[in-house]
Amino acid sequence: MGWAGIWESRELLLLGFWFTVILTVVTIITSTVLGFIVALGRTAHIPILGPILRGYLELFRGTPLLIQILFIYFGSAYLNFTGVTVFAAIVIAMTLYYGAYVSEIFRAGFESVPYGQQEAGRSLGLSRFHVIRDVIVPQTVTIVRPPLVGQYISLVKGTALASVIGYADLVRQGQGIIDRIGSPFAVFLVVAALYFVISYPMSLIERHLEKRTLQA
Amino acid sequence: MRSTKNNRRSVSLAIGVGAAVLGLTLSGCAASGGDSGGSGSAGASDSVVQQIKDRGTVNVGVCLTSPPYGLIKSDGDPDGFDVTIAKKIADDLGVKLNIIDTNNASRIPELQTGKADAVVCTFTITPERQKEVDFTDPYMVTGRSLVVRKDSDIKTLEDLTGRTVASTKGGISVQIINEANPKAKQQPYDNYAQEVLALQQGQADAMIEESNLVAQAVKKDPNLKVVIDGDVGDKSYFGIGVKKDRPELLDEMNKVVHDFVDSGEAADAFTKYFEADPTFQFQNLDKK
Amino acid sequence: MEVLAYFPDYLSGLWITTTASLLSFAAALVLGVITAVFRRSGIWPLKVIGAVYVEVIRNTPSLVQIFLIFFGLPSIGIHLPAFEAGVIALAINGGAYLAEIIRAGLTKVPSGQFEAARTLGLGRTDTFFHVVFPQAARYVYPPVINEFIQIILATSLLSTVALNELTGTALVVNSLTFQTLVAFAVALVLYLILTNVVSFAAAWLGRRMFHPPLQLRQERQHGKTLLKRLTIMAGGR
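Chains as they are written, first to last, in this note's numbering: chain A, 1 to 216; chain B, 1 to 288; chain C, 1 to 237.
Calculated from the structure, these hints are not laboratory results.
The structure displayed is predicted, hence computed values, not measured ones.
Backbone N, C-alpha and C define an ideal beta-carbon position, used for all residues, glycine too.
Treat the hints loosely; a few may be bogus.
Unchecked claim - Simulated pairs of lysine-lysine, DSSO-like, Cα-Cα distance not exceeding 30 Å: (1) B/Lys150 to B/Lys219; (2) A/Lys211 to C/Lys108; (3) B/Lys272 to B/Lys96; (4) A/Lys211 to C/Lys47.
As the list claims (entries may be wrong) - A short, non-exhaustive set of chain A residues, derived as facing chain C with CB atoms under 7 Å: (5) Gly75; (6) Val86; (7) Pro184; (8) Phe188; (9) Phe196; (10) Ser203.
To be verified - Which residues of chain B face chain A? A few of them, derived with a C-beta cut under 10 Å, are: (11) Leu64; (12) Ile72; (13) Asp101; (14) Asn191; (15) Gln194; (16) Val196; (17) Gln201; (18) Lys220; (19) Asp221.
Sequences are here, hints too, so could you generate the full structure?
Written as structure tokens, this is what we have:
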């Protein structure tokens, strides 16, 4: 089945593994920040901003990530933003795509905090910022954590698409190894197992958080 | 009731945004097209070589999924016939080489968007492509072969009727298969590695590809056999691709090609990577 | 416009996307129900099979699953054409998500209902189909529709195994016309139309099918129900 060949190529797989991990960590951070800001913007009920943000959500949740990656990778430069590397293009596309889903999680979290608390906070003399920071966010965190981790798990697997535009991640390294030694079945199994190694602990965390929130 | 109205508004907005993206795209294309003709040639273009030197790196697009033209060695480093040329480009400019791993369909966008300064990737010079990018003089002449699995009953191009034939998106094999037998079912893959894998795994009945790629594939996998060797369609000439209206860079690349061919390096690299003697004179290519 | 000359190709791509999505979704739904029933059954081998299936699928990328089925399975003698391989891969993938959605929906039906039905003399199967299932369906409908849309979006991955669905068509048109942006933008707009048509049709059906009518898109729930809905709604893949 080519297991020996795969073992000989372990350094390439390890390299791909790190590329995948790096991409995952960066996009988790960027998409969470974007999602949080968008959710704030949507709950703020600002006249023009509302429809724009809704349009953003509809656009990025209604089309496939793969075509968004292709569009942004090639599109950025045609629209005269030069210097967008493969890595940057993937990070931008994945941030916009997952940011849209993350923002919906945050928004639902914000809305779960009764409106009366906002009013109470304001009437106690807290500023808008302080109401958000000290009243809404702390209550949101517990509720939002499990679905957020669930979304991160989707994100880990979404990074596999980066290989399509030549990012040297796990899938791309796997293809390179198949190119040399054959055995696609065994190689893709190993690649899948390596994703499992990243993703499964996250699933366990998700379940743990879920249990804790339900008990609370 | 209210909610439905909201939905409708947001959807029409989203489709509006989609249409706007489309519109922007169209105008963007038109604008960039105009730019390259106008401000592009006004002086900025002539300093491209200087820009690369100032930057200290040259970005060269190579298809690392097309052994032996481009591949990744087991230690992770790129290697191959086209990679040799990419290294020569960097040496010639006296800068560091940054290889961009690309594929057939992305070659022209990589150049037009400036992500790659040059593309060396089994890039056949065709009139259609010359409208989009500029090519150097050719460094290689080659043909297309028809390859199948050992147990296949396919012997001629006519036998491809109704059968699946693998190709790559953006490769000229797509047109060649169409001319060879329009009744063949085409399967365009993202890159050459996937294409040959599909044939090996029996997911495609046949493949029409560049003959040196095919020769290497058959050498590596004894279950494949060549049915027509290098004689499907017209001959192809490979050149280095460069973005349009960059005469100085094109001259530089032509210098690299001629140096590569005249010094005998091309013949040496051919013997090294294709494990055979070249069947043609590299020096006479540009007099095609 | 050079790209617009290929509009018929886009439409046939859209057709392949639509049929692949529908078939995958239907098969995934069957797989999801079976797995959910497995996981709730008292028989431990079935529980283990269900759990392993869900965990393995949910923690590996669909792209790799597609590659395994299309490029990998021939190594052990199973040859599936791109369309069939793609539909099977997406069905297996979607089935794992739907199993979790359905399982969560079933837990929401109070166990008293089950016992009452059994006391009234209904058999296990009848209880499931006539008492438990109709109630669970209401909880499960919104996230199931969400999953359907995720399956539509995931069909774009089938372009990597040379299926000329919508994304594949855009890639081919791009390589023929060199009009990269327009080629992709046309596909983007068509995807947007498709996913919106589906979510509108689903909302319409939700209002007709359930009593009281189900407001799909603007559902406002609070407290724990909201939390549960969120945990089901894993979102984009």
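Consistency of the hints with the structure:
1. Distance hint between B/Lys150 and B/Lys219 is fulfilled; the C-alpha atoms sit about 13 Å from each other, no more than 30 Å.
2. Between the alpha carbons of A/Lys211 and C/Lys108 the distance comes to roughly 16 Å, so the proposed pair stays at or under 30 Å and holds.
3. With a CA separation close to 24 Å, the supplied pair B/Lys272 and B/Lys96 stays within the 30 Å bound.
4. The hinted pair formed by A/Lys211 and C/Lys47 meets the criterion: a straight-line CA distance of about 20 Å does not exceed 30 Å.
5. With a least beta-carbon distance of about 5 Å to chain C, the hint placing A/Gly75 at the interface is held under the 7 Å criterion.
6. Annotation: A/Val86 was flagged as interfacial toward chain C, and the flag is violated, the nearest CB pair being 15 Å apart, outside 7 Å.
7. Nearest Cβ of chain C to the Cβ of A/Pro184: about 4 Å, under the 7 Å cut. The hint holds.
8. Nearest Cβ of chain C to the Cβ of A/Phe188: about 5 Å, under the 7 Å cut. The hint holds.
9. Taking 7 Å as the C-beta cut-off, the interface hint given for A/Phe196 holds, the closest approach to chain C being about 5 Å.
10. With its C-beta approaching chain C no nearer than about 6 Å, A/Ser203 sits inside the 7 Å limit, and its interface hint holds.
11. Annotation: interface hint on B/Leu64 holds; nearest CB of chain A at approximately 7 Å, less than 10 Å.
12. With a least beta-carbon distance of about 4 Å to chain A, the hint placing B/Ile72 at the interface is held under the 10 Å criterion.
13. At a threshold of 10 Å, the smallest CB-CB gap from B/Asp101 to chain A is about 4 Å, leaving the interface hint in force.
14. For B/Asn191, the interface hint holds, the least distance from its beta-carbon to any beta-carbon of chain A being 8 Å, beneath 10 Å.
15. The restraint placing B/Gln194 at the interface with chain A holds, with a minimum CB-CB distance near 7 Å, inside the 10 Å limit.
16. At about 8 Å, the closest approach between the beta carbon of B/Val196 and any beta carbon in chain A falls short of 10 Å, and the interface hint on this residue holds.
17. The beta carbon of B/Gln201 comes within 7 Å of a beta carbon in chain A, closer than 10 Å, and the hint placing it at the interface holds.
18. Taking 10 Å as the C-beta contact cut-off toward chain A, the hint placing B/Lys220 at the interface holds, the least distance being around 8 Å.
19. A hinted interface residue such as B/Asp221 counts as satisfied when its beta carbon comes closer than 10 Å to some beta carbon of chain A; here the least separation is about 7 Å, so the hint holds.
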